[in-house]
Amino acid sequence: MNPLHSNLTPARHWKDIPQEVSHRAMSSEGRRRAVFAIAKTAGLMVTLAALGWGGLQLVAVFRDDPKDLSRAVRSAPLKDLVLTTDGTLDQAWLARALALPKDAPLMALDLFQLRTRLLACGQVRSATLTRNFPSTLAVTVAERPPVARLQVQGSAGTPQAYFVGRDGVVFEGINPDPKMVETLPWLSGVKLMRQGGVFQPLAGMDVVADLLARAKLEAEHLYAGWRSVSLARLQSDGEIEVTTKDGSRIVFGTNEDFFRQLANLDAIVDAAKEHPEHVVRDINLTVGGQVPVAFNPAAAEPAPAAEPGPAPSKTPLFTGFNHP
Amino acid sequence: MSSRSTFIGAVEIGTSKTTALVGEYNGRELAIIGHGECTSRGVIKGAVVDYKAASECTHGALEQAERDAGERIELVFLAQTGAHLEGFYNEASVNVKAADNMIDAADIRTVSDLAKAKELPAGRMVVHHIRRPFRVDGRLVPGTPENLVGQRLDVGYWTVHGQEQRLADNIHVIRGFNLEVRELVLASLASGHMVTTPEDRQHGVLAIDIGAGTTDFVLYRDGSPHTTGVVPVGGSHLTNDLSIGLRLTEGQAEKLKLRFGRASVQARDKADKVWLDGNFSIGDRQFPRHAIEQITAARAWELLDVVRRKLGNAFSAETCAAGVVLTGGTAKLAGLAETAAKVFGVPAHLGETPSWVAENLRDPGNNTALGLLYYGVSAHNERAASTRRRGGFISNVKRLFASA
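If you read the sequences in order, they're chains A and B.
At position 127 of the first sequence the residue is numbered 129 (my numbering), and the sequence of numbers has no breaks.
At position 374 of the second sequence the residue is numbered 1037 (my numbering), and the sequence of numbers has no breaks.
Calculated directly from the structure, the hints in this document are not laboratory data.
Predicted model only: the values in this text are computed from it and were never measured.
Treat the hints with care, since some could be wrong.
As the list claims (entries may be wrong) - The calculated label-pair distances, taken between Cβ atoms and stated as ranges, are:
hint, chain 1, residue 1, chain 2, residue 2, range
1, A, Ile40, B, Glu981, 38 to 48 Å
2, A, Val37, B, Trp938, 48 to 58 Å
3, B, Ser668, A, Glu31, 20 to 30 Å
4, A, Leu46, B, Ser668, 11 to 21 Å
5, B, Arg691, A, Glu31, 40 to 50 Å
6, B, Leu921, A, Val37, 49 to 59 Å
Glycine included, C-beta positions come from ideal geometry on N, C-alpha and C.
Taking the hints into account, I'd like the entire structure generated from these sequences.
Written out as structure tokens, the structure is:
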């Protein structure tokens, strides 16, 4: 650029005159037009702002598109397995049960298939699997509480303890609490059927579970002495036979109220304690108000009947616990 | 160019009347769609002396024009006249920088800026820089000299400047209506553009716009305006002389001027008399026609002679082959063309409004407002194009480096 040219200062032009005029210098029509112009500008700005906001919303919609999300996450490998359970299952079991390949992408996991794998474990009553982006698989498990134990002959010929749930499902206990296990009675008189590598559920276990639960709740001192529960005559006679740790046999009827039967049993046991010379062998609670109690032959004298019966019997009737 | 129409207002705040036109411009064509007019108040010899009265009158004309058009005016081209307007000529020359002597845009810009760079007295502002044709080594170039080969580039500008307060007053009257004044155009340029053809301007023509308070003139040479000027004398002076000479009120004198005034004395019979009203009502009087013509003719001659003297050496019969074109409200004075021809020594005629202008607007008094629209649009487009040319990315970067 010419140095002379760069030093030129152009003369003031009429366009340098400020065109702003004070409000009072305007006519009423001019003021009206000014207000209209301001309103128009404001409207335009509001419209532009609304358009901008709409654009941002659109961008947000496209940005959060589930398809894009899955595409983005598909390549992210699974890093964490989080187990939430109400029982004893642990992380190691979860890893074994799911058997996921290393660095499996989170989005590539077939959750339905994984759930099936988890449910294949008898201890699992229900399972929920959730993808937590970007790299976590959360597993929530509800475990099947065991109500009884079962001795099963293993494939190697060695006996193995299994557990039975309320719904009759037989399962191998994983990380069972030994104290809890000790309280569980053994189950006997059942015929196990294996299908597809797993045992078929036992029929009638819900009734047995009711009895055991009622006993545990109402008469824990009695329940603590129960060693085994036989289901041999459950289907045919509706009877559940309990063998105590001292060898006594107690028969419960499924047609009678368990609470009443337990009350009768408790009374009989209490009465029997008053006669330590008499050792109870059988108590049959299935016949209602009449409870036949048999004592061991070793006992010298039969227990006196609470109410004189019509005829003496080898198995004296214990009838003092008639409940309405 | 956008296809959206722009509604442009052309406003002439004159001494006797204020005219507002509304033009619809779609980027290619300009159509006049509204017209408003009102008797001026608060304006003397083109200068606003009573802001409120002038505003009321101007805003009334604008409202009327908007109503007529059914559209709102978006921007205004304002005509500027008044005795405060003056002009001077300044020229500059540069040596062509390029080694091959080819003139480039930078040479043109430099010589133009040099020619326009002249300090003005305090309180004066530029209204127009009217460029005269470029000369390359003394050779006249009607268009742009870019890419022509030469060693020396000359250009001259006729700069019109006015008093800042007067200009601001006119602008503020329009701003009072909340409208932006986009172009300020000399009344003479506006009316001259309307009543002369490009051929006339090429051959040389003098356009004289005789209004009520002022007379604006523009002399064209080589297709572009050469000299402009304003004389603070107009039709109202004829009225005033009649009023004094015949002892009449201004209204009566105006009536006589319009009916019997002439720019040359034609009446031979000095006893020939004319009635003031002609309806024989009380107060109606008779006046000698000869006396009326003598007064108006003397004043008309004087007015034109003032213009000729003000033009000075710029005007000559040889350089004004197309003659003199008269326009403005006072141009309707009978015999004015003949008088002008005698004063200037070249043919003279009354400017004709182009045939495409609507019948109701075909009056010499409207030529300034009409020309304002057309001249304003072309000037505005020219400036916009020049800004676009200058605003190119490369040139901006070059300017940035140059200033650094």
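Does the beta carbon distance between Arg691 (chain B) and Glu31 (chain A) stay inside 40 to 50 Å, or does it fall outside? 31 Å, violated
A range of 49 to 59 Å was offered for this pair. Does it hold for the Cβ distance of Leu921 (chain B) and Val37 (chain A)? 43 Å, violated
If you check the beta carbons of Leu46 (chain A) and Ser668 (chain B), does the distance land in 11 to 21 Å? 19 Å, holds
Determine whether the Cβ-Cβ distance between Val37 (chain A) and Trp938 (chain B) falls within the hinted range of 48 to 58 Å. Once the Cβ atoms are compared, 54 Å apart, the range 48 to 58 Å for Trp938 (chain B) and Val37 (chain A) holds.
Range agreement (Cβ of Glu981 (chain B) with Cβ of Ile40 (chain A), hint 38 to 48 Å): 58 Å, violated
Return holds or violated for the Cβ distance of Ser668 (chain B) and Glu31 (chain A) against the range 20 to 30 Å. 22 Å, holds
When held up to the earlier numbered hints, the structure conflicts with 1, 5, 6 and fits the remainder.
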